[in-house]
Amino acid sequence: GQQVMQIPQYQHVQEGEDFTTYCNSSTTLSNIQWYKQRPGGHPVFLIQLVKSGEVKKQKRLTFQFGEAKKNSSLHITATQTTDVGTYFCAARGDSSYKLIFGSGTRLLVRP
Amino acid sequence: GAGVSQSPSNKVTEKGKDVELRCDPISGHTALYWYRQRLGQGLEFLIYFQGNSAPDKSGLPSDRFSAERTGESVSTLTIQRTQQEDSAVYLCASSSRQGDQPQHFGDGTRLSIL
Chain A
1 GQQVMQIPQY QHVQEGEDFT TYCNSSTTLS NIQWYKQRPG GHPVFLIQLV
51 KSGEVKKQKR LTFQFGEAKK NSSLHITATQ TTDVGTYFCA ARGDSSYKLI
101 FGSGTRLLVR P
Chain U
1 GAGVSQSPSN KVTEKGKDVE LRCDPISGHT ALYWYRQRLG QGLEFLIYFQ
51 GNSAPDKSGL PSDRFSAERT GESVSTLTIQ RTQQEDSAVY LCASSSRQGD
101 QPQHFGDGTR LSIL
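Line order of the protein sequences matches chains A and U.
Counting along the first sequence from 1, when you hit position 21 you're at 21 in this note's numbering, and nothing is skipped either side.
Counting along the second sequence from 1, when you hit position 99 you're at 99 in this note's numbering, and nothing is skipped either side.
If you're looking for bench data, these hints aren't it; they were derived computationally from the structure.
Keep in mind the model is a prediction, meaning the values are calculated, not measured.
Some clues are possibly wrong.
Pairs of lysine-lysine, DSS-like flavour, derived with a Cα cap of 30 Å [to be verified]:
| hint | chain 1 | residue 1 | chain 2 | residue 2 |
| --- | --- | --- | --- | --- |
| 1 | A | 98 | A | 70 |
| 2 | U | 11 | A | 98 |
| 3 | A | 70 | A | 56 |
| 4 | A | 36 | U | 11 |
| 5 | U | 57 | U | 11 |
| 6 | U | 15 | U | 57 |
| 7 | A | 56 | A | 98 |
| 8 | A | 98 | A | 36 |
| 9 | U | 17 | A | 36 |
| 10 | A | 70 | A | 51 |
| 11 | U | 17 | U | 57 |
| 12 | A | 98 | A | 51 |
| 13 | A | 57 | A | 36 |
| 14 | U | 11 | A | 70 |
| 15 | U | 11 | A | 56 |
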């Protein structure tokens with residue numbers, strides 16, 4: 001079945017440093033969504049990408065969808081302690097209605 | 001408006017007992033998902049309901065797990081003869097359509113099997 005690989009598993013950065021998490025699939029994706037889960041909380045939707053090569057920004061967060069629609073990335077510029085949490089990508093294949101979640105990247109930020 | 005509501009928020013039970021978890025989706029949301037999240041792990045898909053269509057049960061780990069949903073309303077996830085490996089947070093999410101809309105998650109039920 002469709003799988004979505006997400007790396008790294010975790011990353012520990014100094015406040016102010018940048019952070020990037022990557023999501024990869026062996027099959028073409030219809031869309032990709034990104035979620036953030038704070039410690040002890042539930043996943044919260046951040047953004048959805050649909051078009052090949054699409055780039056979206058939310059303040060310090062930049063989301064990209066690959067040209068082949070098989071990979072995506074989330075980049076955070078100048079991390080803050082409020083960015084702490086686990087970031088999940090979730091993707092739907094071209095012929096599937098079901099969202100498949102990546103394993104998540106846990107971000108820790110040293111103040 | 002109200003979000004996705006799950007109950008109970010915490011459940012502690014003895015091994016071998018049955019448990020029932022409840023999810024109230026956002027009103028009007030036709031799609032409903034159940035996930036399991038073990039400590040420090042990702043989201044494991046369990047089951048998906050879309051309107052009155054037959055549910056996708058492909059993620060249920062064993063026949064001890066079952067779920068029901070009446071129409072586009074409340075869903076219950078039942079685990080029979082619980083085992084210690086069932087300990088996890090069970091998350092419910094709903095969305096307004098299949099897969100191309102954001103999923104809205106409840107706070108989850110933290111299940112602990114003694």
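The hints, checked one at a time:
no.: 1; hint: A/98 <-> A/70; result: holds, 16 Å
no.: 2; hint: U/11 <-> A/98; result: holds, 28 Å
no.: 3; hint: A/70 <-> A/56; result: holds, 17 Å
no.: 4; hint: A/36 <-> U/11; result: holds, 25 Å
no.: 5; hint: U/57 <-> U/11; result: holds, 23 Å
no.: 6; hint: U/15 <-> U/57; result: holds, 24 Å
no.: 7; hint: A/56 <-> A/98; result: holds, 23 Å
no.: 8; hint: A/98 <-> A/36; result: holds, 19 Å
no.: 9; hint: U/17 <-> A/36; result: violated, 34 Å
no.: 10; hint: A/70 <-> A/51; result: holds, 11 Å
no.: 11; hint: U/17 <-> U/57; result: holds, 22 Å
no.: 12; hint: A/98 <-> A/51; result: holds, 18 Å
no.: 13; hint: A/57 <-> A/36; result: holds, 15 Å
no.: 14; hint: U/11 <-> A/70; result: violated, 39 Å
no.: 15; hint: U/11 <-> A/56; result: violated, 40 Å
Comparing the model with each numbered hint stated earlier shows that hints 9, 14 and 15 do not hold.
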